[in-house]
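K.L.:
One-letter residues, chain by chain:
Number of protein chains: 2
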Amino acid sequence: MSMQEMATRVKKAALELAAQPTGAKNAALSAIARALMDERDRILAANHEDLTRSEREGLAAPLLKRLRLDDAKYQEMVEGVESLVGLPDPVGRTALATELDDGLTLYRVTCPIGAIGIIFESRPDALVQISSLCLKSGNGVLLKGGSEAVETNRVLAGIIASATERAGMPAGWIQLLETRAEVGAMLKMDEQIDLIIPRGSNEFVRYIMENTKIPVLGHAEGVCHCYVDDDADQEMAVRVVVDAKTQYVAVCNAIETLLVHRDIAPSFLPAVKRALDAKGVTLFGCERTREIIPTEAASEDTWRNEYLDYKLSVKVVDSLEAAIDHINRYGSGHTDAIVTRSKTKAARFLSLVDSADVFWNCSTRFADGFRYGLGAEVGIATAKIHARGPVGLDGLVIYKYLLLGDGHVVADYAERKRTFKHRPLDRDFPL
Amino acid sequence: MSMQEMATRVKKAALELAAQPTGAKNAALSAIARALMDERDRILAANHEDLTRSEREGLAAPLLKRLRLDDAKYQEMVEGVESLVGLPDPVGRTALATELDDGLTLYRVTCPIGAIGIIFESRPDALVQISSLCLKSGNGVLLKGGSEAVETNRVLAGIIASATERAGMPAGWIQLLETRAEVGAMLKMDEQIDLIIPRGSNEFVRYIMENTKIPVLGHAEGVCHCYVDDDADQEMAVRVVVDAKTQYVAVCNAIETLLVHRDIAPSFLPAVKRALDAKGVTLFGCERTREIIPTEAASEDTWRNEYLDYKLSVKVVDSLEAAIDHINRYGSGHTDAIVTRSKTKAARFLSLVDSADVFWNCSTRFADGFRYGLGAEVGIATAKIHARGPVGLDGLVIYKYLLLGDGHVVADYAERKRTFKHRPLDRDFPL
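Chains B and E are the protein sequences, given in the same order.
According to my numbering, the first sequence is numbered sequentially starting from 5.
According to my numbering, the second sequence is numbered sequentially starting from 5.
None of these hints come from the bench; they were simulated from the model.
Hints may be right or wrong, so weigh each one.
For chains that are exact copies, the list does not tell them apart, and a pair is met inside one copy or across any two.
Lysine-lysine pairs mimicking PhoX-like chemistry, simulated, CA-CA at most 25 angstroms apart [unchecked claim]:
#1 Lys77 x Lys425
#2 Lys77 x Lys347
#3 Lys283 x Lys421
#4 Lys421 x Lys77
#5 Lys16 x Lys421
#6 Lys16 x Lys192
#7 Lys217 x Lys192
#8 Lys77 x Lys16
If we strip away everything but chain B, and leave its shape as in the complex, we get (with noise of 0.2 angstroms):
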């Protein structure tokens, strides 16, 4: 099948599958579920097939690992499509209703995007993880993943398609790319696909991002920081501060910047120097950090680095909105931190750092779907609109505005036969 048909194909299931009931769509996650169950020893040979591969091919060890359904992965795998059937719809949902005059009422309903392209790492749990995400959330999907997880994907896929078919959803929601080429192809198709969503590294999220019509939801990098403010619980800060760089340090909301107040420098710097030591963390700091500790030298470049490593970049700050500056200046809009006793200034820090995630007294590490309680995430965004931070079922919806009349014409109105009420109603959606 060409991207065209494929695209072309998704999109016209997306458009029925938008009319599917909350329980069908149940139906069909529990059919995965089953499903998953059911064909484990294909699928699982077809992963083995994929390592083989991969170890005879060189594949770096930490990336045969993310590869490899073990027992443990696999239980998750289903257990995540199990959850989904609990979590409420989010389609169908009445955000505002009006009744704009007799008889005349507005709604403002969500619905699915339509079709949503996603483009994933390594991880063929992932495959089931969006793929359920965008079945619950009533969107057609096409899916390109890892090409090391090739064999496993496509079994997974295709497993993931007859299920649901057999459960009543439109043939051809979900499609899965197996070429750098298609991926090329469909970052062209701004006719029919609504929404890309790239996951990765940097530079390839980048990449897509500028190489596409269609809107993209992401993130490429994650410059996060923490903030050590003069009122700070120092012991508090240091505990936080080496959750936040050291818990895991390949992740987009582990920290790469810590910035103190020039007034705890000299006590605080000492105390979180020697806990990160205990880590293994190098550290990089500014002059000033450089009078009270030693450390390797910073540079201008430093403070846009993303280590995603046991490094950490140290600046001392005049004041919270030297630190606030520094956050807007330098950071990436993912999560930052601070840590104070003040809640005046844990305010201000909040309503100015203009990040998806801002946090007081915690580690940024927390800035995940899983932990934010959304069920699942898709990815973490980090644009000004639509959807920002951790993007669960929420972020794959949008809205529909019906409006249910009995004839009604707008000629009466600008006649000044009639007027408008705009009378906020308490109801949901009644068809």
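Got chain B; can you put chain E on it based on the hints?
P.N.:
Just chain E now, with coordinates in the frame of chain B:
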């Protein structure tokens, strides 16, 4: 000032504007309304200068009419600003509150988008409306109006800037662009500008959409439909079609295509033709239409036409499904209506037509921010993310996730020392 400086200035001001309390923003809106009354003579003198020059340059009469600030329009302009004072602040609303664990509480709170670039048509009153909406929603704004209105716009923008700055708003939150070169430069400022809203001709909007990496909110075309079902009340259908086509032809929510079920066509088409003839509407019919009533001949291209004139495409369809398919294929996702007595068929149409506004038994001309009771609109959007249909204050905000803790770290949860509670709270953000 260079475009770079202007954009940087707006961005900086926007960050501060985000933290302005509701009362301060409302006081600034009242200051605008007062200044517009106080400076009436100066504004009208500038408008007179624009009118004189434009008349001399041979500007068409309808455009001259749009340019002229007559008494009624002036009054409406001032009242529009005053009416925003009474609307609820779209910023700072808590959309979600979850207790993740003891003392660790997540809030999703609305916040401004940031710096918005708006390019609008010749009406100078649009400048006042747009900038007031941006102020109420806490956004900085770069404005470019029609060149015919250059003097009026300059005076209006100056008055708004100084009135609001005197009222305590951050300097530079509103910037006026005056040249096309500046617009071109603005489209490249994706670091500083978060959203572009273009209003104007199809060609112009499409040009903007294709020449910027900044997200664009708007619509290029309005190919709206009315489908008359075999279960329609024919008298009602005639009234709705006549209003939707002729109440005001030059607007995007007027219908361009009439779809008629084959079983009702023999009686309905002659009736609707009589009514449309009386309004001077030229019909372009498919072959089956022309077997019943005389019309111009439609071609395949006909179905994509946006006439914005006393012209209407007419097609006989075999079923509700055929009507829905036609609309999803040829429509622009703007506004489409069905006339039918059948609740079941209405529900199906409303669910399956993939447009921003979908109506039952009323005219498409109702698709408008004022008529919807949204207060006002910055434009109508047909994209599938962020905001759709008439975009009012709600469309000018996004949200942040704010997490308040007491030294919480992720390691405790990863090591299973603590588990998440994810208890939904009915509580507003407390800071």
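K.L.:
In ascending order, which of the hints set out earlier in this document are inconsistent with the structure?
P.N.:
2, 5, 8
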